[in-house]
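Number of protein chains: 2
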Amino acid sequence: MKKIINDPNEVVQEMTKGMAVAHSEQLHQLPGTTVIARNDAPNENKVGIVSGGGSGHEPAHAGYVGKGMLDAAVAGEVFTSPTPDQILEAIKAVDGGAGVFLIVKNYTGDVLNFEMAAELAEAEDIRVEKVVVNDDVAVDDVSSRRGIAGTILVHKIAGAKAEQGGSLEDVKSTAEKVIENVRSMGMALKPCTVPAAGVPSFELAENEMEIGIGIHGESGIERKDISTADDIAKELTDKILGDFDFSGSDTAVMVNGLGSTPDMELYIVSNKVQAILTDNGIYVDKTFVGEYMTSLEMAGCSVTLLKLDDELKQLLNEPSNAMAFQG
Amino acid sequence: MKKIINDPNEVVQEMTKGMAVAHSEQLHQLPGTTVIARNDAPNENKVGIVSGGGSGHEPAHAGYVGKGMLDAAVAGEVFTSPTPDQILEAIKAVDGGAGVFLIVKNYTGDVLNFEMAAELAEAEDIRVEKVVVNDDVAVDDVSSRRGIAGTILVHKIAGAKAEQGGSLEDVKSTAEKVIENVRSMGMALKPCTVPAAGVPSFELAENEMEIGIGIHGESGIERKDISTADDIAKELTDKILGDFDFSGSDTAVMVNGLGSTPDMELYIVSNKVQAILTDNGIYVDKTFVGEYMTSLEMAGCSVTLLKLDDELKQLLNEPSNAMAFQG
Numbered sequence: 000m001k002k003i004i005n006d007p008n009e010v011v012q013e014m015t016k017g018m019a020v021a022h023s024e025q026l027h028q029l030p031g032t033t034v035i036a037r038n039d040a041p042n043e044n045k046v047g048i049v050s051g052g053g054s055g056h057e058p059a060h061a062g063y064v065g066k067g068m069l070d071a072a073v074a075g076e077v078f079t080s081p082t083p084d085q086i087l088e089a090i091k092a093v094d095g096g097a098g099v100f101l102i103v104k105n106y107t108g109d110v111l112n113f114e115m116a117a118e119l120a121e122a123e124d125i126r127v128e129k130v131v132v133n134d135d136v137a138v139d140d141v142s143s144r145r146g147i148a149g150t151i152l153v154h155k156i157a158g159a160k161a162e163q164g165g166s167l168e169d170v171k172s173t174a175e176k177v178i179e180n181v182r183s184m185g186m187a188l189k190p191c192t193v194p195a196a197g198v199p200s201f202e203l204a205e206n207e208m209e210i211g212i213g214i215h216g217e218s219g220i221e222r223k224d225i226s227t228a229d230d231i232a233k234e235l236t237d238k239i240l241g242d243f244d245f246s247g248s249d250t251a252v253m254v255n256g257l258g259s260t261p262d263m264e265l266y267i268v269s270n271k272v273q274a275i276l277t278d279n280g281i282y283v284d285k286t287f288v289g290e291y292m293t294s295l296e297m298a299g300c301s302v303t304l305l306k307l308d309d310e311l312k313q314l315l316n317e318p319s320n321a322m323a324f325q326g
Numbered sequence: 000m001k002k003i004i005n006d007p008n009e010v011v012q013e014m015t016k017g018m019a020v021a022h023s024e025q026l027h028q029l030p031g032t033t034v035i036a037r038n039d040a041p042n043e044n045k046v047g048i049v050s051g052g053g054s055g056h057e058p059a060h061a062g063y064v065g066k067g068m069l070d071a072a073v074a075g076e077v078f079t080s081p082t083p084d085q086i087l088e089a090i091k092a093v094d095g096g097a098g099v100f101l102i103v104k105n106y107t108g109d110v111l112n113f114e115m116a117a118e119l120a121e122a123e124d125i126r127v128e129k130v131v132v133n134d135d136v137a138v139d140d141v142s143s144r145r146g147i148a149g150t151i152l153v154h155k156i157a158g159a160k161a162e163q164g165g166s167l168e169d170v171k172s173t174a175e176k177v178i179e180n181v182r183s184m185g186m187a188l189k190p191c192t193v194p195a196a197g198v199p200s201f202e203l204a205e206n207e208m209e210i211g212i213g214i215h216g217e218s219g220i221e222r223k224d225i226s227t228a229d230d231i232a233k234e235l236t237d238k239i240l241g242d243f244d245f246s247g248s249d250t251a252v253m254v255n256g257l258g259s260t261p262d263m264e265l266y267i268v269s270n271k272v273q274a275i276l277t278d279n280g281i282y283v284d285k286t287f288v289g290e291y292m293t294s295l296e297m298a299g300c301s302v303t304l305l306k307l308d309d310e311l312k313q314l315l316n317e318p319s320n321a322m323a324f325q326g
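Those protein sequence lines, which keep their order, are chains A and B. Quick note, the first sequence lines up with residues 0 to 326 if you use numbering that gives the first Met the number 0. Quick note, the second sequence lines up with residues 0 to 326 if you use numbering that gives the first Met the number 0.
This is chain A alone, in the form it adopts within the complex (with noise of 0.2 Å):
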C-alpha cells in the first residue's frame, strides 16, 4: 500500500485536523468530533444545511462547507457511516431555530444514523427534515439506488435555497425535486485501498474495465475489456438517458473523476458526452468536470445529468465559497 499516512487508523481524524486548520478563516472542527462546520454557523435566519457519510471521497462532503452550500458535514470513518452522536452534534451546531436539512446518501448505514440523529435532534426541539439521494442507475430497482456524484448537485441547490431564505419545507421540496431529475453512472478502471484494511478491495485485469462502480471500494454490474473514452462516455450517458427523459430539457453535467484519472480523461469524455446530448436535443445550461466526489485513488469517472427548471438553474448559478466548488 503506497500512500502519505501516519496510521492508518487515524487518517480521517487528520484529515479534519488539516482541513480545518488549513482553512481556518471560513470552517472549523467541532471540538472531540470529525464534524466541520462554517465559522458563520449557525445563523437565525437561515436553514441549517447538513451532509456527511463515509471519508474517502473528497473533497466530499467537508469542501462543500461554506456560504451557499453545507454548513456541516459529518465524516465517518473511511467508507464507513457516521455515527449517530457525531451527525446529532452537527445538527445541534448549524441550528439557529429555523431547522435543519439533511442530505443523505442512499446506503443502510448513512439512512439509519442520519434518521437517528434526527430523532435525537427533534427530542432536543430542533425541526429536522431530510433527503435521501439516489442517483446510481447501475442498480434498476430504484430503492436500491446509491447516492453518487449527483448528490453535489442537492448539495448546492438546497444550499442556495437556504441562503436565500427558503423555509426548512422549501428546502426539502427544492431538494426532492433535483433527486427525481437527477441521474449518474459510473465506472473504473483501477480499484482502491482503503488505508486500514491495506489491500485493494477488488482486482482488475490490466485489460479490463468495471462498468456501474459504487463509490466505496465496491466492484460494479459488468466487468468487460477497456474501450475508447468515446465508447465509455456513450455507454454511460446511454445508461442514464434510457433512465429518464432529458429530451428537450435544459440540463446540467458533471463529469467527476474517482480519484486517479486526469483531468485530462475528464474533458475527453466530456466532449464526447455533450456531442451525444447535442444529437439528443438536450441543451447543457452548465457543466462540471473534475474530481466531486471521489473513492480514494480509484481511477474511473461517473457522468451525472441534471435535468433543470428555471428554479434550478438559477440556484445552480448562485455564488459559493465552499472550498471545492467550481463553477
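Errors might be hidden in some of the hints.
[As the list claims (entries may be wrong)] Quick list of simulated restraints, FRET-style, between CB atoms:
hint, chain 1, residue 1, chain 2, residue 2, range
1, A, 277, B, 223, 35 to 43 Å
2, A, 39, B, 0, 44 to 52 Å
3, B, 8, A, 198, 41 to 49 Å
4, B, 222, A, 202, 26 to 34 Å
5, A, 163, B, 0, 44 to 52 Å
6, B, 217, A, 23, 30 to 38 Å
7, B, 279, A, 30, 21 to 29 Å
8, A, 110, B, 243, 48 to 56 Å
9, A, 39, B, 122, 51 to 59 Å
10, A, 224, B, 243, 32 to 40 Å
11, A, 163, B, 218, 50 to 58 Å
12, A, 95, B, 30, 46 to 54 Å
13, A, 38, B, 169, 50 to 58 Å
14, A, 320, B, 169, 24 to 32 Å
Bear in mind the hints are in silico, worked out from the structure with no lab data behind them. From a predicted model like this one, the values you see are computed outputs, not experimental measurements. Where a beta carbon is used, it is the ideal one built from N, C-alpha and C, also for glycine.
We have chain A; now place chain B onto it with these hints.
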C-alpha cells in the same frame, strides 16, 4: 496502460475541445490551436496574461484562464513545450494595446519557445514582457531550477495586478517579487505514463518513494524507503526553509497533489506542514490544498511556500473566476 482516451496522439486536441465546450460561458479555443482564451479578451484597459507549457499538468494551465488570472493558456503536447506559433496566437488574441505578459516555467523548451514568440509579437508591434518561474529547490543550482506548483501563485498574483489596471512594468515587477519569494519541493510514490509512450517514465518499488521529483515524469534526486506523512512533510518543508529565510514572515502555503494522491493524504501533509511553520515562528496567512499542478496520474505531492508582503497578500486574496482556482 489504463487510460480513458481515444487516440493517444489526439489527447491534447480532444482535451482542449472538451474544455472549450464545457466552459463556453467564459472561455473559448482559438481556431486551429490548442490555446484557451477568455471570452472577454482582449481588454484594452488591461495587460494580457499568457502562460502555458506541456500538457499533463491539468488543471494547469487552462484551468487558470479567467477573470483575475490568465487571459490565455497555451497547451503543448504532453510534457512538451508549445510551439512559438501557438504562443504567438495566444499573445495576439489577448493584446488590447496595454501589452502582454508571459509567465514561463523554467524548462529549456518553454524558455526558448516563449522567447521566440515574444520576438515575433514585438515584430508585430505588441509590447511583451515575461518572467521565468524557478521555484523548485530540489536542484541546488539556481539557474537549473524548474518551475513547478509555485507557478500558480505567480498566475494568481500577476493576474490580479493586471486586473487592477497595473501597467506591463507593474505586472512584471510584482511577478518578479513573487518569484523571488516562492519555493517548492516535491516527492512521488508512483510514476505516470505519457499516453503516446504507453509505459511509465520510471519505476519505483512497492516500498520506495522519490524525493525532489519534477512534474514531467522525470525521476527525482533521491530514492528511499517510504516514510510517514509527517516525515515526508518535514523533509519537504525543511528543504524549503533551508533555502530561503521565511522566519517571522507571513506566508501562503500550497500542498499540491501530483495527480492520484487523495485529498485526505494532502490534508494530512498540510496538517504537519502548518505545525512545522508554527514551530518556526512563521505565520500562515492562506493555505491551498488540492491538485493545482499535476503530472498526469503521478502519486505524490509538493509543498510550496510564498513569503507575503502587504501587496502580495492583497493580490492573492482578490477574487478570480478561473475554473480551477479554489481559494
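Against the structure, the hints:
| no. | hint | verdict |
| --- | --- | --- |
| 1 | A:277 - B:223: 35 to 43 Å | violated, 51 Å |
| 2 | A:39 - B:0: 44 to 52 Å | holds, 47 Å |
| 3 | B:8 - A:198: 41 to 49 Å | violated, 36 Å |
| 4 | B:222 - A:202: 26 to 34 Å | holds, 28 Å |
| 5 | A:163 - B:0: 44 to 52 Å | holds, 48 Å |
| 6 | B:217 - A:23: 30 to 38 Å | holds, 36 Å |
| 7 | B:279 - A:30: 21 to 29 Å | holds, 27 Å |
| 8 | A:110 - B:243: 48 to 56 Å | holds, 52 Å |
| 9 | A:39 - B:122: 51 to 59 Å | holds, 54 Å |
| 10 | A:224 - B:243: 32 to 40 Å | violated, 51 Å |
| 11 | A:163 - B:218: 50 to 58 Å | holds, 53 Å |
| 12 | A:95 - B:30: 46 to 54 Å | holds, 52 Å |
| 13 | A:38 - B:169: 50 to 58 Å | violated, 35 Å |
| 14 | A:320 - B:169: 24 to 32 Å | holds, 28 Å |
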